[in-house]
Amino acid sequence: MSDTQWPRFEVFQQDKPGQLHYNAGSVHAPDAEMALLNARDVFARRPRCHSMWVVPVSAISAWTYQELVERVWAADGSGAAAASPQPYAIFRKELNSRNTLEHVIYTGEVAAASPEDALQQARTAFDDGVPVAVWWVVPTWAITRSDPEEVGSFYEPALSKQYRQPNHYHTRAALEHFRQTVKEA
Amino acid sequence: MSQTDEEKLAEFEARIARGEKIEPGDWMPDEYRRQLIRMISQHAHSEVVGMLPEGAWITRAPNLRRKMVLLAKVQDEAGHGQYLYHAAETLGATREQMLADLLSGKAKYSSVFNYPTLTWADNAAIGLLVDGAAIKNQTMLAHCSYGPYSRAMVRICIEEGFHKKQGLEMIIRYAQGTPVQREMMQDAINRWWWPSVKMIGPHDSDSPNTPVLKRWGVKTKTNDEVRQEFINEMAPILLELGYTLPDPGLHQDENGDWRHGPIDWDEFWQVVRGNGPCNKERLAARQKAHEDGLWVREAVAAYAEKRQSVMAEG
Numbered sequence: 042m043s044d045t046q047w048p049r050f051e052v053f054q055q056d057k058p059g060q061l062h063y064n065a066g067s068v069h070a071p072d073a074e075m076a077l078l079n080a081r082d083v084f085a086r087r088p089r090c091h092s093m094w095v096v097p098v099s100a101i102s103a104w105t106y107q108e109l110v111e112r113v114w115a116a117d118g119s120g121a122a123a124a125s126p127q128p129y130a131i132f133r134k135e136l137n138s139r140n141t142l143e144h145v146i147y148t149g150e151v152a153a154a155s156p157e158d159a160l161q162q163a164r165t166a167f168d169d170g171v172p173v174a175v176w177w178v179v180p181t182w183a184i185t186r187s188d189p190e191e192v193g194s195f196y197e198p199a200l201s202k203q204y205r206q207p208n209h210y211h212t213r214a215a216l217e218h219f220r221q222t223v224k225e226a
Numbered sequence: 053m054s055q056t057d058e059e060k061l062a063e064f065e066a067r068i069a070r071g072e073k074i075e076p077g078d079w080m081p082d083e084y085r086r087q088l089i090r091m092i093s094q095h096a097h098s099e100v101v102g103m104l105p106e107g108a109w110i111t112r113a114p115n116l117r118r119k120m121v122l123l124a125k126v127q128d129e130a131g132h133g134q135y136l137y138h139a140a141e142t143l144g145a146t147r148e149q150m151l152a153d154l155l156s157g158k159a160k161y162s163s164v165f166n167y168p169t170l171t172w173a174d175n176a177a178i179g180l181l182v183d184g185a186a187i188k189n190q191t192m193l194a195h196c197s198y199g200p201y202s203r204a205m206v207r208i209c210i211e212e213g214f215h216k217k218q219g220l221e222m223i224i225r226y227a228q229g230t231p232v233q234r235e236m237m238q239d240a241i242n243r244w245w246w247p248s249v250k251m252i253g254p255h256d257s258d259s260p261n262t263p264v265l266k267r268w269g270v271k272t273k274t275n276d277e278v279r280q281e282f283i284n285e286m287a288p289i290l291l292e293l294g295y296t297l298p299d300p301g302l303h304q305d306e307n308g309d310w311r312h313g314p315i316d317w318d319e320f321w322q323v324v325r326g327n328g329p330c331n332k333e334r335l336a337a338r339q340k341a342h343e344d345g346l347w348v349r350e351a352v353a354a355y356a357e358k359r360q361s362v363m364a365e366g
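Chains E and A are the protein sequences, given in the same order.
Position 124 of the first sequence, counted from 1, bears residue number 165 in my numbering, the numbering being contiguous throughout.
Position 224 of the second sequence, counted from 1, bears residue number 276 in my numbering, the numbering being contiguous throughout.
For the record, the hints were derived by calculation from the structure and aren't laboratory data.
Quick reminder that beta carbons are idealized off the backbone N, C-alpha and C, glycines included.
Be careful, since some hints might not be right.
As the list claims (entries may be wrong) - Now the stretches of chain E that chain A is said to cover, found in silico as 3 or more residues with beta-carbon under 8 Å:
1. 45 to 54
2. 72 to 78
3. 124 to 137
4. 140 to 151
5. 177 to 188
6. 192 to 205
Said to hold, decoys possible - Anything over 10 Å on all C-beta distances counts as not near chain A; from chain E, calculated:
7. Lys57
8. Gly59
9. Gln60
10. Leu61
11. Arg89
12. His91
13. Ser92
14. Pro156
15. Asp158
16. Gln161
17. Val171
18. Ala215
19. Lys224
Assemble the whole structure, with the sequences as input and the hints as a guide.
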């Protein structure tokens with residue numbers, strides 16, 4: 042049947058230059074290019090966006106805090122050790138995160154032989170004493186990024202439509218005005 | 053060593069008590085997953101069907117500003133549906149199944165979208181009352197213990213702010229308008245008041261899911277608590293603007309709460325069961341939109357396929 046909803050891509054969003062990319066949600070698309078367009082329309086309607094990454098769900102390895110507590114690690118990934126290292130992007134969500142809008146946040150890159158190897162390295166490399174609720178590991182080849190050259194045009198609709206913002210509607214002043222006219226009448 | 057289910061449940065409840073979010077991949081009771089899929093998919097369907105009553109007025113907006121505002125609002129509802137389908141997918145529900153259930157009529161969505169929009173003033177009433185009631189519910193759900201649902205709710209609440217305010221702005225304008233304009237707004241309020249009061253859900257005494265949902269931090273308030281907040285906000289402002297509300301029992305009690313009169317729940321359940329004024333029309337509109345979009349999905353798939361083969365050759 043041709044009528045499918047297509048694979049799922051996780052979407053990472055950067056609101057302003059210099060900030061970290063965070064996971065905002067997911068979209069469905071037949072390929073990464075269309076996923077990026079859908080992601081822009083779904084997640085960057087406002088207030089602003091500077092960059093987006095999309096990753097097919099099949100390329101993401103995820104671990105939760107609970108899984109890591111229960112897990113017994115193999116002493117040595119013998120098959121993995123033979124593979125040549127490749128770059129992995131690491132994302133994590135802190136256990137006591139007070140951030141209500143962002144899921145996992147980009148933490149950095151490691152070179153590793155496998156996703157498990159990348160996780161092990163990340164747990165050491167990015168250990169700052171903060172308990173982590175969720176780790177995501179993504180080979181960097183699986184990330185499709187929005188074009189930095191096209192930031193202006195690609196994300197322009199997020200900025201230009203001011204009537205999408207509540208403060209565009211001066212309801213408080215309008216109510217005050219209404220009260221005045223009632224008083225005067 | 054693996055934990056027993058009782059130990060897992062105890063830890064799960066302790067995590068919720070500590071204010072931690074439950075994330076995809078974490079252990080959760082089957083009932084928690086089942087209730088969340090039910091709530092989130094219904095919520096997603098409501099956003100999608102919710103585009104229809106107002107969408108019908110985009111081509112008939114009274115001026116360009118109102119047209120742009122309404123377009124942006126309806127586009128937001130489409131986006132909100134997407135956030136919510138995503139949240140349900142993290143629990144194992146599939147997009148294909150959820151859509152199939154919506155299009156076959158098996159899935160439920162908010163009863164409030166089964167009423168007609170008869171005049172332009174209905175868009176004002178929907179903005180203030182329907183979105184106002186939805187925001188009360190969604191603000192509560194933003195504190196939900198399940199991470200993906202709570203994050204979707206936070207995003208939606210931020211965006212819904214303008215939906216409600218553009219409605220209130222119109223209601224204030226109508227209050228300052230000609231007698232005919234005020235009459236038109238009053239008529240819309242008369243028709244949308246009760247559906248908005250009812251959409252918050254049955255009384256707590258008829259809401260069997262509420263205790264377990266509260267215990268697991270899915271809901272943090274009961275339907276009647278949310279309804280009271282809604283009426284306390286809406287009644288004074290509408291009365292001050294010179295409108296009346298179609299509830300002869302409405303009054304302010306000694307605590308300052310605005311109490312409603314008896315609610316006609318038979319009517320509510322009739323609409324939920326598919327016998328509202330527009331149930332059939334809404335479902336037919338969704339089915340038609342899905343069928344009419346088939347060529348777009350085929351074109352997109354063909355383009356993706358072609359691009360892949362070009363890249364493989366190149």
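Here is how each hint holds up against the structure:
{"no.": "1", "hint": "45 to 54", "result": "holds (count 4)"}
{"no.": "2", "hint": "72 to 78", "result": "holds (count 3)"}
{"no.": "3", "hint": "124 to 137", "result": "holds (count 3)"}
{"no.": "4", "hint": "140 to 151", "result": "holds (count 4)"}
{"no.": "5", "hint": "177 to 188", "result": "violated (count 0)"}
{"no.": "6", "hint": "192 to 205", "result": "holds (count 3)"}
{"no.": "7", "hint": "Lys57", "result": "holds (17 Å)"}
{"no.": "8", "hint": "Gly59", "result": "holds (22 Å)"}
{"no.": "9", "hint": "Gln60", "result": "holds (17 Å)"}
{"no.": "10", "hint": "Leu61", "result": "holds (16 Å)"}
{"no.": "11", "hint": "Arg89", "result": "holds (13 Å)"}
{"no.": "12", "hint": "His91", "result": "holds (18 Å)"}
{"no.": "13", "hint": "Ser92", "result": "holds (18 Å)"}
{"no.": "14", "hint": "Pro156", "result": "holds (14 Å)"}
{"no.": "15", "hint": "Asp158", "result": "holds (20 Å)"}
{"no.": "16", "hint": "Gln161", "result": "holds (18 Å)"}
{"no.": "17", "hint": "Val171", "result": "holds (14 Å)"}
{"no.": "18", "hint": "Ala215", "result": "violated (5 Å)"}
{"no.": "19", "hint": "Lys224", "result": "holds (12 Å)"}
Violated hints, in rising order: 5, 18; the structure is consistent with all others.
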